[in-house]
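Modelling step: build the complete structure from the supplied sequences, incorporating the hints.
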Amino acid sequence: MPNSPFSFLPLSNKPGLRASVQAKQNKTAASTLPEFRGKRNSEVEMKDKDDEWYDCTSSEDGSPLKRSKSADNIANSLVTVNPPSAEEEAQLLPYMPSLFGKELPPCGAGVQVAYENVSQRLRTLWLNHRGRLAPADICKAVSADLNRQQKQRPFGSLRGVPKRRVPWRRENVFKFELSWIAYFLREAQTLATLEMTESEIMDRKMRSPVPTELGFNISRPDCLKLWDTWNDRKRKPTPQLPEEDLGSEENTPNGTVEPTTNEKVEENSTVNMSDASLVESVTDAEKTALP
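Residue numbering for the sequence shown follows the UniProt record's numbering, beginning at 1 and increasing consecutively.
Treat the hints loosely; a few may be bogus.
Unchecked claim - Dumping the calculated PhoX-like pairs for lysine-lysine here, alpha-carbon to alpha-carbon at most 25 Å:
id	residue 1	residue 2
1	236	225
2	24	175
3	102	163
4	24	102
5	175	234
6	151	175
7	151	163
8	175	163
No lab work stands behind these hints: they were computed from the structure.
Listed below in structure tokens is the structure:
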């Protein structure tokens, strides 16, 4: 027997000691085998799937409806909204509020990218709900989501770290997204007022045409004129959406009647769940105020 550092210690005469040590070694070796680890990981994965709640119903493409845990209103977090077809979108676009127009503001490229991001989300939600939701409610939904992102990962907290925003955009763009959604919400709430007093109209005209939410200090007359033109386009009145559903016949602003279109919406085209669940989280009190 080769010499060992513990050869001077007396050997234990306890019966069964060698067998118990060997059993522990075998158990440890078995738990580190690849097939055992794969089996254990599969059990953990199945347990995680059991914890998730799925609705027993299915959407049109056969996939189950998963309850969104990030929704503010859990009771209304199950959402399946099909985006409009090309024909439906063409019929809805003339009635889209001018506030959600694609006209870019006369400013820098980064601020314009932030405007496009927010404007595109507002336009998508308005089209997905066929214009039946008020602009102010759509702005509140997007504002709640952006404020939630700001609370979880404040502006500037992801600079120099591996994590990125989803969808990815620069931190400076995210900063101006918060400013733009505040502008959209203010304008939508102002437009929701049916009657404005003369003093309120004059006060609005006396304000700077540059949205105060952006924090810009512009005094050049040529720049202010560009902002005035942009504001006039954003506040341009739009035709009211007809009360009847868009279907067999639709009266367009041009006075023409379009024939019925029975094109089926593509089955695999589903709206972004995070956006759809936002609008569904509007409170019941706000829903009753909708037309």
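Query raised in the report: Hints broken by the structure, by number, lowest first?
Result: 2, 3 and 4
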